[in-house]
Amino acid sequence: METVIKLTDISKVYTTKTIETQALEGINLEVNKGEFLSIMGPSGCGKSTLLNIIGLLDRPSGGEIKLFGKQLVGLRDKEMARFRNENLGFVFQSFHLIPTLNVIDNVMVPLTYRKGAGDRRKLAREALEKVGLSHRTTHFPSQLSGGQAQRVAIARAIVGNPSIILADEPTGNLDSKMSEEVMQLLHGLNREGKTIIMVTHNEAQARDTDRVIHLFDGHLVL
Amino acid sequence: MLANKLFSAIYICGTALAIATTTLFALIYYVKVAPIYPEFNRMKTYYLRYIENGEKGSPRKNVSNPSYPLVRDHLRKLKSASIVSAETSGWDDYVQLPGDDREIEVDLKLTDPEFFKLYEYDFLEGRPFTAEEFEGGVLTGAISDRLAMDIFGTDTGIVGRTFSLNYQEYRVCGVFREGSQLLPDSYAQVILPLTTDEEYDEEWRPFVGGVSVTFVSDDGKALKEEVDEIARKFNSSNPDYEVGFLDLPRSHIVNVFNSGIYQEEFVPIRSVVKKNLLILLVLLLIPALNLSGLISSRMDMRSSEIGIRRSFGGTRFQLLKQVLWENLVLTISGGVLGLVIVWLCVLSSSGQLLTLLDSNNSNEVVSFNLTPEILYAPAIFIVAFLLCVVLNILSALVPAWFSLRKPVISNIE
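Residue numbers (my numbering), protein chains in the order written: chain A, 4 to 225; chain B, -2 to 410.
Next up, chain B with everything else stripped away, as it sits in the complex:
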């Protein structure tokens, strides 16, 4: 390795680029799919976003959001869901900074106490709003540590103090560690009781309102059956009007890969996984072939050494192990460099790079908050290491094996 610095440098850089591209790919999906702060329940999370409603028999139906009364009166009674949370996001919400003319735009969520069971925010101070505060529509809320710093210049000792949101005073009940905009289902800087919105339980038509519903369930199939049963019962007792739960609690992974409304439009997860594995393979295979060529020419140069070692008692297996081991050291060096490149790229792009594969990338966020869970995920280390091993095997095993199959004397000469 040290004997041929140029070879080692080229190999390490080639590996680093391969690992960087594949790790970035893995990181993009890791952020979307893996249990990550504060969305630790992702594997058991289901969403209900859209309700189809209209006159019975009519081919044209409206598509709307579910209502809070649907949640309160029906969905909370589901046996197959351990958590049912309703939320709605704010729109153009501004916090007025005290003693200052300035105001800052904030991400707001109006929700219920279940939200804090669904998304396990770390509270640095205080607590989420209580069920009583929710029922009473108390003007209180939890704010993120970063927002606390912006408003109060500190993120401690501020529980009980008030802040102004859209020129309405709210009392701080707790300060939580801010998540990332890359996780839009949970991300918020201000979390208020849904009941502070006067129209929170308004229904324009039965079941139709303005919230999104999120469930935690161990059994998605049972959950779908129960939700469908609500629609069936309702439709059978209404002669003129019918509803349908279009996306029918969709699982988190389905939600990641499908932004559409109708189930028929959903891309099957299997084909998405296949496509992504294919991309991953290509990202890995092309550099592996290049590196394999590099190793192959290097093996020719080292053929004599291999022959000498064989003539003095080295077996094919021992030498193969030696070549793979030496190569693994180079590959892992490249892997570490690749990880550093990914981090630098992600950090310098303020996280924008992680939205690279989003098909509906209309995100106006230019700088994403990158939590430690995103950057230092053990899963990403494991992925990178496994990639190193695969790359090592792909690039070194074949040329080494071909070289070792020759008679000893052919190696020496």
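In isolation and in its complexed conformation, chain A is listed as follows:
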């Protein structure tokens, strides 16, 4: 199995003038290509912090991150941005669609920052078809239900064909029916070969994934 993500001794400390908080400590983790991994743990244990570090949205205080064998700690902003653009797709709990853009423009955002992306509108439409929302292209986020908004967010995450999808509690704001739809989409993407790392509180959803890791007070526990 090819290892696509390798974390070595990752730590994260948040420092204010008076307090130092150890969010993560000594995290070692390998994720294989095509794996669907769940991260679980109580609130505040560092799940999202870990996901953000894997997604290069936050910098670790110590340790090494290798994605596809490439050492990423210390890369410049431009290189990080390019790496994110080409290899990573994000799905957030609160969807984080841009409220001033309509559905298709939201989905096109990753392609805006990619050279030679081809027909961006066509690719965005294809991504929306995949999540069953091709009829909603001109709607604005405020006109969508929670489930629809999350499906648009998934379309945005996959439009650039990244190898890894990082989902931070993707069903956290959805009812059970919509959660089921979103999970089906994620499993479908995993079957197509995408590597997925998902932070969740939902044990049933986690059980359906390939592997579950647990975090407690910033440490990996078995």
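Incorrect hints may have been included.
Negatives, chain B to chain A, calculated, CB over 12 Å [unchecked claim]:
#1 PHE22
#2 ARG69
#3 LEU94
#4 ARG168
#5 ASP194
#6 TRP201
#7 GLU226
#8 LEU286
#9 ILE303
#10 PHE309
#11 ILE329
#12 LEU350
In silico lysine-lysine, DSS-like type, Cα no more than 30 Å apart, as pairs [said to hold, decoys possible]:
#13 B:LYS403 with A:LYS81
#14 A:LYS20 with B:LYS403
#15 A:LYS118 with B:LYS403
#16 A:LYS81 with B:LYS318
#17 A:LYS9 with A:LYS73
#18 A:LYS118 with B:LYS318
#19 B:LYS403 with A:LYS73
#20 B:LYS318 with A:LYS125
#21 B:LYS403 with A:LYS69
Calculated from the structure, these hints are not laboratory results.
Small disclaimer: the values here were computed from a predicted structure and weren't measured.
For every residue, glycine included, the Cβ atom is placed at its ideal position computed from N, Cα and C.
Fit chain B to the given chain A structure using the hints.
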């Protein structure tokens, strides 16, 4: 921009006010300093207005105007001046309207043919008076198109016709496009040969008379040396009497900022420029700080969008460019509005607003003629655009940069 109409409206109005005040400031000085119809030679123009004269060694001297013989016999021979023109303005001059009891007050200049080389008036019809007409003291003159309309009801087909000025008949030799009273050195509605005034070459004392002299020269320093040499030669050959050229051909820009007679009283141009740049900066900085606060709070609201864009591959530079570009669209909209406000204010004040910064504002003119060159000057467009860019950078760059320095996840959350 369209998503937050209130923000956009406040931003555009704030920018418009900032641009309006700074552009008005620029316009005021543009009218005073820039080459503008018909004063296209301003950068090379020098003036000699005052002569100090009196008994040698006396601490008290008279201050008078130069005489026409000084111009004719000495100044016209200067090597460093390509044009030397003498003129005097009229005082309480009235044109009598034909077939009407009414008469209208006019601005009159008595001058020489060189005046039309110095100030490049557009002649709509006819020509300036000639050197022969000047030498002969012929009662002929050029009048402005607006005055032609007042006298004849038309500004065409009137060359050769006569008009009455101070109950003296003059023949029209040409009709020129009227300038503006905001340019008092060149402004006139009637331009007659100086020689039509019987006392034109009278000298009360050597070199002392009643004209103003204007030069066009490529070398102000050489011009001053040559003029000083005239005074030196004269003083060395006169045991009891001496003269001095007090303001010693003063350049146009010095003239704009100094109404005094003595050189020692002149404010150095550098300090005037410094003071004005400071005023300009304050006029620009205060709204920029306000707008910066506005943008800053807007950036907080847009922080999530910036974070999302960064997470999907937008670099800091790309996003900074996007914010500046979006902001520039707003700033330029504000700039256009600001320009419109300035024009409306200048027009509605009949140009009075352009004399706002004049320290010796004893002008009795209540309505200034505003030529297209004053209102639609490319330089003012450029100034306004540059102000927009500066304002944009000042107001948007700092908050955008601070926002983009945070980790991506801080933007999103």
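Evaluated hints:
1. The beta carbon of PHE22 (chain B) sits about 36 Å from the closest Cβ of chain A, which is more than 12 Å, so the claim that it is off the interface holds.
2. With a least beta-carbon separation of about 74 Å from chain A, ARG69 (chain B) lies farther than 12 Å from that chain, consistent with its non-interface assignment.
3. Residue-level check passed: LEU94 (chain B) sits 66 Å from the nearest beta carbon of chain A, beyond 12 Å.
4. At roughly 72 Å from the closest C-beta of chain A, the C-beta of ARG168 (chain B) stays outside 12 Å, upholding its exclusion from the interface.
5. The beta carbon of ASP194 (chain B) sits about 73 Å from the closest Cβ of chain A, which is more than 12 Å, so the claim that it is off the interface holds.
6. A cut-off of 12 Å between C-beta atoms confirms that TRP201 (chain B) is not in contact with chain A; the least separation is 79 Å.
7. Distance check for GLU226 (chain B) against chain A: the nearest CB is about 67 Å away, which clears 12 Å, and the non-interface claim stands.
8. The Cβ of LEU286 (chain B) lies farther than 12 Å from every Cβ of chain A, with a closest approach of about 27 Å, so its non-interface assignment holds.
9. Not every CB of chain A is more than 12 Å from the CB of ILE303 (chain B) (nearest about 10 Å), against its label as outside the interface.
10. Listed as a non-interface residue, PHE309 (chain B) fails to keep its Cβ farther than 12 Å from every Cβ of chain A; the least gap is roughly 4 Å.
11. Under the 12 Å C-beta cut-off, the non-interface status given to ILE329 (chain B) relative to chain A holds; the minimum distance is some 20 Å.
12. With a least beta-carbon separation of about 40 Å from chain A, LEU350 (chain B) lies farther than 12 Å from that chain, consistent with its non-interface assignment.
13. Using a Cα cut-off of 30 Å, the hinted pair LYS403 (chain B) and LYS81 (chain A) holds, with the two alpha carbons roughly 15 Å apart.
14. Only pairs whose Cα atoms come within 30 Å are accepted, and LYS20 (chain A) paired with LYS403 (chain B) is accepted, the gap being roughly 17 Å.
15. Taking the CA atoms of LYS118 (chain A) and LYS403 (chain B), the gap is about 25 Å. The hint holds against a cut of 30 Å.
16. Taken as a hint, the LYS81 (chain A) and LYS318 (chain B) pair is honoured in the structure, with Cα atoms around 14 Å apart against an allowance of 30 Å.
17. As the CA atoms of LYS9 (chain A) and LYS73 (chain A) are separated by approximately 9 Å, the hinted pair is consistent with the 30 Å bound.
18. Pair hint LYS118 (chain A) plus LYS318 (chain B) holds up; C-alpha atoms about 17 Å apart against a cutoff of 30 Å.
19. This hinted pair checks out: LYS403 (chain B) and LYS73 (chain A) have alpha carbons roughly 24 Å apart, not beyond 30 Å.
20. For the given pair, LYS318 (chain B) sits about 26 Å from LYS125 (chain A) by alpha-carbon distance, which is consistent with the 30 Å threshold.
21. This hinted pair checks out: LYS403 (chain B) and LYS69 (chain A) have alpha carbons roughly 23 Å apart, not beyond 30 Å.
In terms of the numbered hints stated before, the structure departs from hints 9, 10, listed from lowest to highest.
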